[in-house]
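*Asks:* The chain contents come next:
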Amino acid sequence: MKNRIDLLFEKKHAEILSVYFTAGFPERDDTLPLLELLEAGGADMVEIGIPFSDPLADGPVIQQSSSAALKNGMSMRLLFSQLRDVRKKISMPLILMGYLNPVLQFGMENFCRSCRESGIDGVILPDLPPDMFEEEYKEMFAEYGLHIIFLITPQTSEERVRRIDDLSGGFVYLVSDSATTGSRNSFSEKQQIYFERIRAMKLRNPSLIGFGIHNRETFTRACGFASGAIVGSAFIRSLAENKDIMQAVQSFVQSVKKENHDHSVA
Amino acid sequence: MNYQVSEKGFYGEFGGAFIPEMLYPNVEELRSRYLEIMAEPAFREAFHHLLKHYVGRPSPLYEAKRLSQQYGARIFLKREDLNHTGAHKINNTIGQILVAQRLGKKRIIAETGAGQHGVATATVCALMGLECIVYMGEVDIQRQAPNVARMKMLGAKVVPACSGSKTLKDATNEAIRDWINNPGNTHYIIGSVVGPHPYPDMVARFQSIISEEIRVQLKEQTGSELPDYVIACVGGGSNAAGAFYHFLDDEKVKLVAVEAAGKGIGSGFSAATTTLGKPGIIHGSKTLLMQTEDGQIIEPHSISAGLDYPGIGPVHAHLFESGRGIFLSATDEAALRAGFLLTRLEGIIPALESAHALAALDQLQFKKEDTVVLNLSGRGDKDLETYMKYLPS
Ligand SMILES: Cc1ncc(COP(=O)(O)O)c(C=O)c1O
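Protein chains in written order, with the numbering used here: chain A, 1 to 266; chain B, 1 to 393.
None of these hints come from the bench; they were simulated from the model.
Cβ coordinates follow ideal geometry from the N, Cα and C atoms, glycine included.
Just so you know, not all the hints are guaranteed correct.
Said to hold, decoys possible - Which bits of chain B does chain A cover? Going by a derived footprint, with three or more residues having C-beta under 8 Å, they are:
id, stretch
1, 16-22
2, 172-178
3, 280-290
4, 294-304
Could you build all of it, start to finish, from the sequences and the hints given here?
*Replies:* Here is the structure:
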């Protein structure tokens, strides 16, 4: 079967909305309900975060969701058991995102096998060096039909962007700014030059822009430079602020996505 | 056996640079430049000039006669406590500030546990007129108050780390996040042989002045450059790495690393990483790490803020796995006892960290003719409040 991420990018070239949430937040068993709500609400893809005690690359919002999730009892094993039947209900592509240490303790091959069994399409491990992926895990990922998605930042050299593009599958993740998740407000001129520079490189993979996308304005502007955008902290904040996850998803999706139908909000 | 770092930044299976892409340019810049910078004659001259005239090196190698009598061996103390700012940490910060200048950095960040590294960083920033931000766990801000005051007086901004156990690990997380958020103008002065390559190697090289001096001083005092034992405490492991450095290939020299057992190895309140840890990744390097089955990092405990860390530098993980190092641990209580003992026998108040190394003397069987060098990594001024709570009446 073809990877669902590839299928998504084949049929949709613009305005792809990918949403990140931390598994186990706000409640331990919210994973499946959130996926259903997000799919129904119009998300094109979801990145499920595996909580970690020491999330180095994350700002305060995702850090707090991570520690709350761990307190709620979330673990890798529990997450995979929650995802066992996910494909009976959810058809959009799903990505797992996490730090390397919990994955290594679970065992990389065990992890890849569990991903495949539950219908996960791609993996983002920000602290896995591309060199090590190539030497140790590339074939394993191919064998289990999993894409790995690496990050690119404004400081990533052209040569390294090419290499990351070569190793990545599905899409590449353009970090909008060199910063932890959740910082910053809108895009500066410097960032636009960076997005343009990457676009002009005509990478083999499509790209999505993430970090700092938090409302319709930033989403739309990001979509001007890439196939779509990834929203993380802003969604987590919405989950933290709304008691009811249904409300959180609705108000969030509405605030980010242009309505596809008649009654679109100007 | 090779105990030095490999081309790719590994000590055996440990080390490497497991960092998010946002950190890559910072770390890569340092990696590609540090050896060349450190080899420049002008750099070496500036480094050694400051070590001599500013830090007060060489630090004495003092034969502690009354302590020797107590333990039945010839014990020498390497007096890093007499350095300017009161610990070995300044050797590294002098080196790194000179590197930072050559990289054109204007803003310096650091993490600190006991506050010694924070003070040493704030000191060199004052000396060079650079902006300084120090991350420190909230718990450590409480228990090492004198050092917080010193940092502030030196002009540093002390930022509390409020996540996790609010100690050294969490301060390090915050410092790394700061570095991610401030690419370009900022240098991160890591305080121990931890973090992504090239930090463990660079810090060990700066601290290697300790064993370089020990060899010369020991030869003068005993006729031999080689002791039977070198003993040092290990938090991240920088003072130990420096004290071991020039003895690594002299396999007959026993290298003893002492970790903090906290309230006891099995108590759930400990920082004895080699006993309690498994291979894992912390702060960008693969090393031994205290963690749950699920790969979550366990909050450590030690009475000593400088040893209250759930990992160890990758060089030490390799010394442990290869058998080159002897790894012991000392409880809070044993360290306190050893601290009081040294004070009464020799008139030297050791840092609580160093007191762990002293406590290991109880666990070793010496022969009368053994020569023992113990690295007294710092002085106890910062720990007086803790010591006073336990003062024997
Ligand atoms: C006096 C002293 N010794 C030892 C340490 C532990 O650090 P390391 O293991 O890197 O030498 C510290 C850290 O704060 C310290 O202040």
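*Asks:* Looking back at the numbered hints, which does the structure fail to meet, lowest number first?
*Replies:* Failing hints: none at all.
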